[in-house]
Amino acid sequence: MNKIGKQKILKQLNRKTILNLLRDSDELSVSEIAEIINLSKPTIMKIMNYYIEKGFIIIKGKGSSTEEGGKKPNIFKFNANGGYSIGMSITANKLRSAITNLKGEILNSLDVDINYNEDLDSILDKIINSYYGLLDKTKVDSEKVIGLAVGIYGLTDYDKGIVFYSPHYPSWGKNIKMQEKIKKRIPGNVLVIIDNLPRFQVFAEMTLGAARNSRNVVSIFAGYGLGSGIIYENDISRGAHKIMGEVGHMIINPSEEQECACGARGCFEVMVSMDRLRKVIELNKERFPESVLLSICDNGNIQNLDPEEIFNAYRNKDTLAVEALNEIIGWFAVGLSNIILIYDPELIVLHGIYTKAGDGFLEKLGKKTGKVALKNVKKETKIKFSELGSKASVLGAATYVINRFFS
Numbered sequence: 007m008n009k010i011g012k013q014k015i016l017k018q019l020n021r022k023t024i025l026n027l028l029r030d031s032d033e034l035s036v037s038e039i040a041e042i043i044n045l046s047k048p049t050i051m052k053i054m055n056y057y058i059e060k061g062f063i064i065i066k067g068k069g070s071s072t073e074e075g076g077k078k079p080n081i082f083k084f085n086a087n088g089g090y091s092i093g094m095s096i097t098a099n100k101l102r103s104a105i106t107n108l109k110g111e112i113l114n115s116l117d118v119d120i121n122y123n124e125d126l127d128s129i130l131d132k133i134i135n136s137y138y139g140l141l142d143k144t145k146v147d148s149e150k151v152i153g154l155a156v157g158i159y160g161l162t163d164y165d166k167g168i169v170f171y172s173p174h175y176p177s178w179g180k181n182i183k184m185q186e187k188i189k190k191r192i193p194g195n196v197l198v199i200i201d202n203l204p205r206f207q208v209f210a211e212m213t214l215g216a217a218r219n220s221r222n223v224v225s226i227f228a229g230y231g232l233g234s235g236i237i238y239e240n241d242i243s244r245g246a247h248k249i250m251g252e253v254g255h256m257i258i259n260p261s262e263e264q265e266c267a268c269g270a271r272g273c274f275e276v277m278v279s280m281d282r283l284r285k286v287i288e289l290n291k292e293r294f295p296e297s298v299l300l301s302i303c304d305n306g307n308i309q310n311l312d313p314e315e316i317f318n319a320y321r322n323k324d325t326l327a328v329e330a331l332n333e334i335i336g337w338f339a340v341g342l343s344n345i346i347l348i349y350d351p352e353l354i355v356l357h358g359i360y361t362k363a364g365d366g367f368l369e370k371l372g373k374k375t376g377k378v379a380l381k382n383v384k385k386e387t388k389i390k391f392s393e394l395g396s397k398a399s400v401l402g403a404a405t406y407v408i409n410r411f412f413s
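Residue 178 in the working numbering sits at position 172 of the sequence shown, and the numbers go up by one each step.
In short, the hints are calculated from the structure, not lab data. A portion of the hints provided could be inaccurate.
Straight line, CA to CA, 30 Å or less: simulated DSS-like cross-link-like pairs of lysine-lysine [stated by the list, open to error]: (1) 22 to 150; (2) 60 to 77; (3) 17 to 109; (4) 143 to 323; (5) 77 to 145; (6) 100 to 83; (7) 68 to 109; (8) 60 to 83; (9) 100 to 77; (10) 362 to 285; (11) 132 to 285; (12) 143 to 109; (13) 187 to 248; (14) 248 to 323; (15) 12 to 166; (16) 166 to 22; (17) 132 to 143.
With beta-carbon atoms standing in for the labels, derived distance ranges [said to hold, decoys possible]: (18) 15 to 150: 24 to 32 Å; (19) 315 to 130: 32 to 40 Å; (20) 245 to 12: 29 to 37 Å; (21) 144 to 302: 35 to 43 Å.
Computed from a predicted structure; not experimentally measured. For glycine and all other residues, C-beta sits at the position ideal for the given N, C-alpha and C.
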């Protein structure tokens, strides 16, 4: 590399160092920055002026004079509203989106209903409409957007922005150049990131949620489908073929008759799904004729039971609900014990519908997993519910863009 190239890289590194320093410290003077990093005050001042012009730094006011007197120094502050990030998540029935400032604070959000197996062009229209809808709602100029990240269930290539395949949208086909298609419809050079949705969920938990103080984490989303995101030594792990985290298709019951969407039988996803929970209730209803679940289901059809109705009955110790959820807990424990042995996380964070089952469910799951897993391993692995709920995916996507921008 020639001298000019080295100087350019050094200049960029110095800029990023100062911006991240202010981002972490909130406000500093030039003298304080000079004490922390090995740069001259004139060089620091040039960088400050550059970022003031860009809108990422503002002058908050004046500091105190030194003991020798003289002019009061300017105090510089990171401007959280100097740029904006947009995160989106595509599930089987909803497109969620949110816009955040540079501190990852959600300013506005939009939810749009989508249909199972909705065609790709229609989904792209909804992505673009949501993008501009958030800008209009927040009164933000598109030039202030530093990037957009879209999370989707399925196999993705983060580096190339490709969706290999999504089980919720088989009509899309394979190897969809999602990043390219979105970039063509957004003017300017906006950063666009495509990744598996659970990876954004676990990133949100690591930066803002239940896993803030953990370096090795697995997050599990369970309900209608099952996926996971993995943090290893503070970084998202994707694996050699970008399929790390597809634990939903780990076989935990080879004798199971029900076929998974992937074509296999006995997948973790199938054994803890809401369909499975309702099936267990159906199979056991004659044993528990006094169950409140049988009196509230529409026309005696167990399939019409709402998950929250089942969980409410469980919390009230309804015998049929307890029987059914105990079986689900048993299969959960098998899946989680395998995950503990494979990934050795210090923490597992649960997302999705079962977080509404209550602390009693979580406590039982922890105890059951302890009995299944190696005892001297399980005791070191905590299991928690997500602290971020349904916003974890869009918040994780938006904050991942911010992290990419500042790294």
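Each hint, compared with the structure:
1. 22 to 150: Roughly 18 Å separates the two Cα atoms, so the pair holds.
2. 60 to 77: Measuring from Cα to Cα gives roughly 26 Å; hence the hint holds.
3. 17 to 109: The given pair, whose Cα atoms are some 24 Å apart, holds under the 30 Å limit.
4. 143 to 323: violated (45 Å)
5. 77 to 145: violated (38 Å)
6. 100 to 83: Distance of about 38 Å is beyond 30 Å: violated.
7. 68 to 109: holds (24 Å)
8. 60 to 83: holds (13 Å)
9. 100 to 77: violated (57 Å)
10. 362 to 285: Since the Cα atoms of residue 362 and residue 285 sit roughly 19 Å apart, the hinted pair holds (cutoff 30 Å).
11. 132 to 285: The hint is violated at about 35 Å.
12. 143 to 109: OK: residue 143 and residue 109 at ~19 Å, within 30 Å.
13. 187 to 248: holds (21 Å)
14. 248 to 323: Roughly 42 Å between the alpha carbons, so the hint for residue 248 and residue 323 is violated.
15. 12 to 166: holds (28 Å)
16. 166 to 22: holds (25 Å)
17. 132 to 143: holds (16 Å)
18. 15 to 150: 24 to 32 Å: Between residue 15 and residue 150, where Cβ atoms are some 26 Å apart, the hint holds.
19. 315 to 130: 32 to 40 Å: About 36 Å separates the Cβ atoms of residue 315 and residue 130, which means 32 to 40 Å holds.
20. 245 to 12: 29 to 37 Å: This hint holds: roughly 34 Å between Cβ atoms.
21. 144 to 302: 35 to 43 Å: holds (42 Å)
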